[in-house]
Amino acid sequence: MRGELEVDKDRSDQVPENRDEIQSQSQSQDLDAHQDSDLEYFEVSCRLIPLGPALVMILFCLLISTFSWIVASFINQYLAGGIAAISIVLQMFLIPIVFLHATRMKIRLSRHGIEVVSSMHSSTMLRRLSRSWTDLHSVRLRRLKSPEILVNRMARQREYRFRRSNMAELIQRTLDRGWINCGFLMFDFKSGGMAPFPLAGFSPEDLETVFIALARWGDPMSLNPDVLALKRNVLTGQADMAELGGASFTRMWEESLKSQFEVTNFVPLSAGQNLQDGKLKILMLIACGGMSSVYLASRFDGSRVVVKEMRVPVDSEPGLADRVHEMFSREANMLARLDHPSIVHVLDYFVERGRDYLVLEYVPGLTLRQHVRMAGPFSQAETVKIALDLFPILSYLHGQEPPVLHRDLTPDNLILRDPGRELMLVDFGAANEFVGNLTGTLIGKQCYIPPEQFRGRAEPASDVYAAAATLYFLLTGQDPEPISASSPARVAGSDVVCGELDELVNLCTMEDSGERLKDIEEIIERLRRLERKL
Amino acid sequence: MKDLKTDQNAALEPEKDRISMVLNGVEWQERVLARGNKAEVSGHMQLGLYFFAVALVSLVFLVSLLLLLFVTIGKTGILAVFLLIPLFLVLVRAGRFYSENSLSSPANLLVEPTGLKIVVREPVTRVSWPLLWKDMESAELVSYPSRNPRVQDGNYVFLHYDLSGYSRSKQMAYLLQFISLAAFKRKSLLNGILSGRLNFSFMIPLDLFTLESDKDRLLSSILRYGKPEALSDSIKRAVEDHSEIGFTQLWLDDLHSFKRKRLHTLTGGTELCGGRYRIEEPLSAGGQAQIYHGYDNEENRDVALKEFVLPVDAGHEVRDRSFANVKNEALMLAALDHPGIVRLYDQFVEDHRAYLVLEFVDGKNLRRLVKEKGALPIDSVKDFSLQIARILEYLHGLESPVVHRDLSPDNLICTEAGQIKLIDFNVAKLMESDVTRTVVGKHAYMAPEQFRGYPCQASDLYSLGCTIAFLMTGEDPTPLSRTELAQDKSIELKELVFDLTALKVEERLGSARELITRLEKIA
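Note that the protein sequences, when read in sequence, are chains A and B. Add 104 to the 1-based position in the first sequence for my numbering, that's all there is to it. Add 230 to the 1-based position in the second sequence for my numbering, that's all there is to it.
Because the hints were derived from the structure by calculation, they are not lab data. The beta carbon of each residue, even a glycine, is placed where N, CA and C say it ideally should be. Treat the hints with caution; some may be incorrect.
[Claimed, not checked] Stretch by stretch, here's where chain B covers chain A in the computed footprint (C-beta under 8 Å, at least three residues): (1) 368 to 378; (2) 459 to 470; (3) 584 to 591.
[Stated by the list, open to error] What follows is a list of derived Cβ distance ranges for each label pair: (4) A/504 x B/744: 50 to 58 Å; (5) A/465 x B/558: 32 to 40 Å; (6) A/597 x B/744: 39 to 47 Å.
[What the hints assert, rightly or not] Pairs of lysine-lysine, DSBU-like flavour, derived with a Cα cap of 35 Å: (7) B/557 x B/457; (8) A/412 x B/557; (9) B/601 x B/751; (10) B/724 x B/601; (11) A/210 x B/491; (12) B/751 x B/594; (13) B/557 x B/466; (14) B/603 x B/457; (15) A/622 x A/637; (16) B/400 x B/457; (17) B/457 x B/491; (18) B/491 x A/383; (19) B/491 x A/412; (20) A/489 x A/412; (21) B/751 x B/724; (22) B/719 x B/734; (23) A/412 x A/383; (24) B/491 x A/385; (25) A/412 x B/594; (26) B/601 x A/412; (27) A/412 x A/385; (28) B/734 x A/622; (29) B/457 x B/347; (30) B/347 x B/364.
Looking at chain B on its own, in the form it has when it is part of the complex:
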């Protein structure tokens, strides 16, 4: 698993050097304005407006002066107008210059390796000067109340910049640009301007990103590009909360998100993940996913690719939420490490399909095995049962125990060497249950309490008992019933199956450990 982690980090390299994020800029400014606070001043001083106001007042004054002159002196007074017009124009120009330079209604945030830039689209497209990462003194995540009842409270990322290293004029220019989106302490602002050591906090409201992935991107970029000493714990924690194992390619997918390129089951020869994986052939399709036999060109090994088609016609939220189920399986599998459980090597999203790259197990599932060879001899049954029991012991013995919930001959593969491997964890969750959702599970192997919506570790034992019965008889057991095998084969096994398939949890065999002990005793 350690190798996996570094691989993922390498995969974080975005294809383009800059990442563009979309945000609701108008609301951003509203929020900044609304945050007026004695301790930290919301920095939007509408100097531009002041300029215009001044211009207007002076205009009125001038006009009245003009009329006065006109009335008293006569037509020659009009000449005075020509002297005052330039003055007025200068005032207007200054005001416009100011308001143009202060960034209003930012539309995009550009993250580059050197710094952060804002893009404004109205009335003309303007890109601000970059706020360089090296100037960033600290980055914090703050949950801030707003004073304005119309504007929501929010989570803000405060990036504190120290611009002491620049010339005074440059510092003023920076100030003008970001004044409407920054927060400063009044006193320190004045001091900073006077002494030439300007610093301010640039605040980004996190809730204004329309896409969750944009939020993640911003936080991860800060973590990635910012100076390590500048990153506060709050930022680091925020990134941890947001990051998932793998699936970072999801972001890249979003960048190029569009119509599907492929509409059908993949055929042999198709290349995925930039040529890393090659599809050999489709193997089978389960209830929710299609399985392919693939080849990993990088590691030079056979793999099984489990493919989930993500629903894209219903918006981001739906896709992300249905994707969460796939993530669950990946998270689950990634945490497991047992020779009897199929390993998860990698996961990625491509063309709106989520893929789990699993260990390829060359063998037949137990159902096919029994179908071909008939009911298995007692030795094989004992051997297989022991292996499965050991797998269950491992699963149930984890720090957060995992109940598989779908143990059946279809999910157990027997390799050429006779090793049993468990596949297909989609149903397994960490003791979570959702009774109203459509059930997809092998009903003949489902324990009664699991059917009722309360699966527990003993449910897996019930399923195991049913599986043993299947191996012995070659037929699926009756659902929701206590299985009694015929007497002729092995009394111990018959008793074992009887104990495992008790309908009530209390009457059932307690744990995998007990089962192993009993199995080992059988001759």
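Just chain A, same shape as in the assembly:
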């Protein structure tokens, strides 16, 4: 029961061209064999009504029908008794079954579009049994206060399979408490109409499947920013922010998105594509810009990882490409040898079709910049606590043989891991420097780069500069002035930032690396004193 399928005439003209093009590109970096078969589809089911009210309605229907039969049997006494009994029993079976079937909608997602399997549900999609992907205008969320509600619910659903729950939880679960708070996923269609799907009606796997199908076949631009945030949460199985929700959360995500996606000189991978012969499956694009992009992917064992992809532009100079790959490989191996609880694990490095890939552990949580954007600058005490986590990382890095310089310490590379808010370093600037030398361009946040690093002579003191600049950002909520000693008290006020902390940041951000305070032990000692004081 396919219903109407829209065929976009203009597109169908172009399809053969595309195929020819793919076939003729024997030498090119053919990234994907994304040949969807017509037969491939996902089937998900969505419950339209929460269980509690459903039970109530079923009961009500049963009562009504029982009553009506009783009345009927009174009128016609000969037929009463047997028939009434049989019919009542039949109804008690049929009504729940029909009811539950009617309210559980099966949806088929395939290359052709969204299809509702049984015609009983046609009204959800406004009298159309199936809608093609070209008809999808946008996908948005309605009445979902924060993704955390939904994600927690899904996490609990996953848990229930593995542990026994007590009576109260069981009742709550059956009655589907908190259903409405999970909001609706609204599909707006270009030809008119919308289809709302209650998010709580999907099982966790089905919801993931919906997102993956959307990413794979649907119009990539139809997802609104809030849906993207939800998608990310759903696909990683983690809620990004436990405490603050609502307007500031959405606003923060929208702003984050603005800086996360930029034009690139290559086409990033899309969801559903595989790397390493299927060992890595791309789930979604987290960020892209310039020469690199970052994805969320799942490994063969189902765990979520982050994949960084880089396409370093090389001109036709022979052998240069190989040298680039070799350089990255050495960097990756060096990073993989690092073992510190606050540094993200490097899981793998490989080259595929001319692009370099780095596989990292996925760290749930928001970056420091996102935290500040959402809730304002950190207090002194919090900053000192973060600093006490940050500088030991540096001393670990610099203590390696040979010393590892980070070179790109910024509030965007540090994450407060959920749920315990531990500091994690998630990105390395080592590659940036190499690429910088190769292409002659400087890549990095200029506010956090000290002069000597700019001149190409980075030293351990450069990382100290960057770390202190990050502290300045945390205290004031603003990025520091590039290449200058920063004083957070001047901006935030001396009541917010005490004199010693201000002096510490100032000393660590001295322009001349000779004057700078670079002994990390001493810095840590000072911080400990501050911590005791505050």
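Mind docking chain B on chain A? Use the hints.
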């Protein structure tokens, strides 16, 4: 540039004759209802509801009458029911007819060369009668407050229609259709109906279009199809504000917006823009764009295509905003006209990639030149420097001065004839700076104040000084430092470079004009 403009207009022809726009119809009606105002009446008179109410009341009346009859006369009274049922049905039918014909919850707006149509999807798909362009008396853009606190204020397009030319019945039919979405003055409405000269304002809330491009499309269609005397200044201004140079194909892209057709760098032979441009080969890839050597089949010339891959996986807003950077470069280049600066011929978007069609400069960039030939002789250096200085003089001397911000040997091409051309304007903005964004620039040539986030005209001079040093020595200068050349070659040039690369802006050579004067003096 004049040729360019007419070309763009021709490109406005949509591939299909009708343009369909999606809007939030439910909110539209809410807004109209909420706009109740003494001067202009929000025209939603729910006649249909009235009909139903009347029907209901009469039903109740009839039933009670029936019961009365039943009680008094007996079973024969029931026969009276059969007489009253048809009456009731007629009333119900009339009410339904009415409510069906008044357009509730419009889903799409169709723009056709003849007129405007509304499409409603619930409960059945209905297309309204067209509001013809020739009947449109005036079109205005009004910012209107709503009385209902739950409904936002908004921008509305008021299209005033004069239906005097139609028969009375047709006018009534029009009225019924659009009554829920129109605005009328009560008195004039009555007069209009009675005298057969009906006119009303059809209001379209602009904020309800989900896509910005739909808004643009509507406004441009009004401008394009409406009678010139009907267009008010407010509409014209709105279109001007929205329109950008070129990139109208973006709309067409949206119409067919979908997955990418091509996933990799384009190879030789690929045709773009409906066959107009042919890719010869990919040349190089910069930090944000891939450059191709292409051929323009229409103008029969070689071109350079600068390709930006737009991020599409994150929604419309992200794509449009990242696209804004490309637009900046196009706007910038389109405004420039100097033999030393590469010209922008055209721009288009295809398959989620934005292209700038630039003049193809056959030559080597200065870095390659120096790499092959070594440090250049003084005559060449002087010649090149003069050319570059003249380019800077032009840029800085514009009405809105342009600071290039990325002057380096990689961005300067030397043609066979020895002419220097400046390419790559991506970093240049009209004195805008964003210190927190990732810097992409040739650091050896970046002035200290530019690094700090305050680029100015003198920053270009610093970069030029570094470039001259590179030409003389064959090596990149030390970043963030004052360059001192060796004494042996030319003292004047050494002094010049020293003056240009002063770290403080005040100590640096002031303007390109000064530089030209000094260069000309050198033997």
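TODO: Run the structure past the numbered hints and jot down the numbers of the failing ones, going up.
DONE: 2, 14, 17
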